[in-house]
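Got chain S sorted already, so can you dock chain G onto it with the hints?
If you read the protein sequences in the order shown, they are chains S and G. Just so we're aligned, residue 1236 is where the first sequence starts under our numbering, counting upward by one. Just so we're aligned, residue 2 is where the second sequence starts under our numbering, counting upward by one.
Hints may be right or wrong, so weigh each one.
A short, non-exhaustive set of chain S residues, derived as facing chain G with CB atoms under 10 angstroms [said to hold, decoys possible]:
(1) 1244
(2) 1265
(3) 1324
(4) 1346
(5) 1349
(6) 1355
(7) 1376
(8) 1379
(9) 1439
(10) 1448
(11) 1449
(12) 1452
(13) 1454
(14) 1490
Across the chosen pairs, the derived CB separations fall in these ranges [claimed, not checked]:
(15) G:22 - S:1293: 34 to 44 angstroms
(16) G:60 - S:1248: 33 to 43 angstroms
(17) S:1247 - G:179: 19 to 29 angstroms
(18) S:1400 - G:122: 51 to 61 angstroms
(19) G:6 - S:1396: 15 to 25 angstroms
(20) G:192 - S:1396: 19 to 29 angstroms
(21) G:134 - S:1487: 36 to 46 angstroms
Far from chain S, by Cβ distances over 10 angstroms, these chain G residues were calculated [what the hints assert, rightly or not]:
(22) 47
(23) 60
(24) 67
(25) 78
(26) 110
(27) 132
(28) 135
(29) 140
(30) 175
(31) 189
(32) 218
(33) 236
(34) 263
For the record, the hints were derived by calculation from the structure and aren't laboratory data. Please read all numbers here as calculations on a predicted model, not as lab measurements. The C-beta atom is built at its ideal place from N, Cα and C for all residues, glycine as well.
Chain residues, written in single-letter form:
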Amino acid sequence: MARNSAKRSLGFWLQLGLTLAVSGFLGVPILQSMLAGVTRNIFTGVLKSGLTLDWVGQVLTLYWPAILLSIEIAIGCLAVTLLIGVPAAYGLARAPGRLARLAEEALVLPIAVPGLALALAMVIAYNGWGGFRQTAWFILAGHVLFTLPFMIRAVLAVMASSDLATLEEGAASLGAGFFRRFFDVVLPNCRSGILAGALTVVTLSIGEFNLTWLLHTPLTKTLPVGLADAYASLRLEIGSAYTLVFFVLIVPLLVALQMLGRPRRMKALPEDTV
Amino acid sequence: MPRGRMIAALMILPAGLFFLAFFVLPLVRLVIAGGEGPDGWAGYGVALADARHLTSLAETLILSIAVTAATLVLGGIPGLFLARNRFPGRAFLVSILTLPLAFPGVVVGFMVILLAGRQGMIGQVSQMLGGERIVFAYSMAGLFLGYVYFSIPRVVLTVMASAEKLDPQLEEAARSLGASPWRVFLDVILPGLRPALIAAGAVSFATSMGAFGTAFTLATRIDVLPMVIYTEFTLGVNLAAAAGLSLLLGAVTWAALALARQAAGAGVAAAG
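Just chain G, with the same shape it has in the complex:
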């Protein structure tokens, strides 16, 4: 089938050329540009050893892990619940829970401002209850809220799809053998959902690591890695730092998503 193979290659060619021109070439240029600073290639070492960068990396990692854990619980339970129960209003809840799926990071940031900003709902309620006006939108806590907001729809969808494929007979067998609902959950349902949870968790981790729009909307003072890259590039004009941290960030999100794909084999992305 040499002819068939040639046709296949020709069909891939335009996309391949585009990929070379706008992904491979820019990435190579980025690597080279990072080594052209005053310190030369050593600039990468200097940038990656910088205390401020290391703190930012650590903070971003902790934030992303916290977001992942919170999202798996807050998205996983409703996802499982909605997949396993039928009741009036269910479809409506599913649409609300999946609606923010395609919100850009900036819009999510605005949602956080509406919830926890200066005129936000949380502040108004806390003031009405006689307390202080609670405002935390413009800090790491606000960012946490935003990333959880952003990641819940993905987890809900992934868990729902996976829960619907679980074999109900396994559960019935466990129940007929006298297992309590809690034991059925731990020993039958949770293991069945494991690939979906790993996949969804990896996606929300990668998204939280790389997201930029939400942090940009909330405050320029939140020093998560993408914000540091942005300020190093635009204000510091420190190409070695911007390039080095970008490559590091890309490697981390790529690794997380590769793990997700191995677990689920589904189409996953680091949007936001």
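Isolated chain S (complex conformation):
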């Protein structure tokens, strides 16, 4: 933890070198795709052909329905996971004993199984069910299945760390009924967990492909389904421009998630002495 660069050892510089190389490996293609998305012709290069927003415009005309559907599904997914996930987390936190732990294990099971397998099972189970399989609701169900465990875990983690039982007992002794306690005591105390869960749910839903690829129909394409389509059949600039649109949607969510996680992580840091 040498802070003075004069004291830094060879090991420091080697590790920094590797860290920079790995950052380049992750960061350069991101940068490249963003640049390619606004370059007139990637084969002649940015400098010769110049910048343009034409590709982004084309992506928006071609894929606007898919982008919109993804946003709608993400919002729907958030609503459902809040509505059934937060109460479930509360129930799991308050219920004592082995049965509750078993229920918790079961409810988070869907994230341990690959999305493709989940989707396959859903398609086989609901194939005969009239129109349901053809609608966007079917995709929504898949996204809720996959994101619900993240909501439950995020909220449960905060509930477990705050002494909810004591707070609730205090409120109960003052005569607060169950609903009063749930909305005025429990929910405000879990705000950070709910927010973290919500950001995770929306981020995952917007980017979900593994399940969605089997669940979608030609009329219910989502943003990532369109991405796969664009990568496979259209020119590099359009694929890049589409990726750029995706980044614009997803990066603010990721930054918010990182910022949310930071204060807690900072507290865990040992004092920066020596």
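Just chain G, lined up with the frame of chain S:
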């Protein structure tokens, strides 16, 4: 507290019903559908003994193990380094290294194409240096690159969080007793990071086993298990094979993640 217990049960009920309708029921249906093929229940045996499936299973396992090993090194060292050092630009590096965390597999596939595809950077650089245009995106090597890309952020985050919780006094004690930096690393830091490394390794293994989007973007000819399941279902309409391999895959990823949870107890997932 029977009343409290009843309220708790009622609160879990909606999520429980959803879970039954969209997880338990479909899984049961999947198992039954797999046994309804021309071979009946024996179809499962036939599918799992098929040479092509076994090769695919072996290849996927080898790929996932290789990805896990590479990611632990390439993500572990930067994670540890960033947790233990403060320097200008550190926060920026942390954001780059964790940014791809929520990229879908298809986007990761596109990143691999930009790196190692026909117009990729690696090819251009190798050509400029007077060599041949190196292109390997559309093969198992490209998939390897993609899964490493995808898994590094998870390992970095897990290792950073764990390294920040290490007790600095242990290290100081070892140093004051005359241990070399290398010995301190091997005997103090590495054992402290063990749970995090096991957890992160299990997650990247499970993710590599089950990921579909990256392979789908790169090529349909890469015969990893999820691709085989997909083609058996859509092209072969071989439900027994698709169901059997899905259940097998699910069991493997579940076991890997159960190991991770035992090691770390943290929220881990097989996304991608």
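inquiry  = For each hint given before, does the structure comply? Return the numbers of the non-compliant ones in rising order.
reply    = 12, 13, 25, 26, 32
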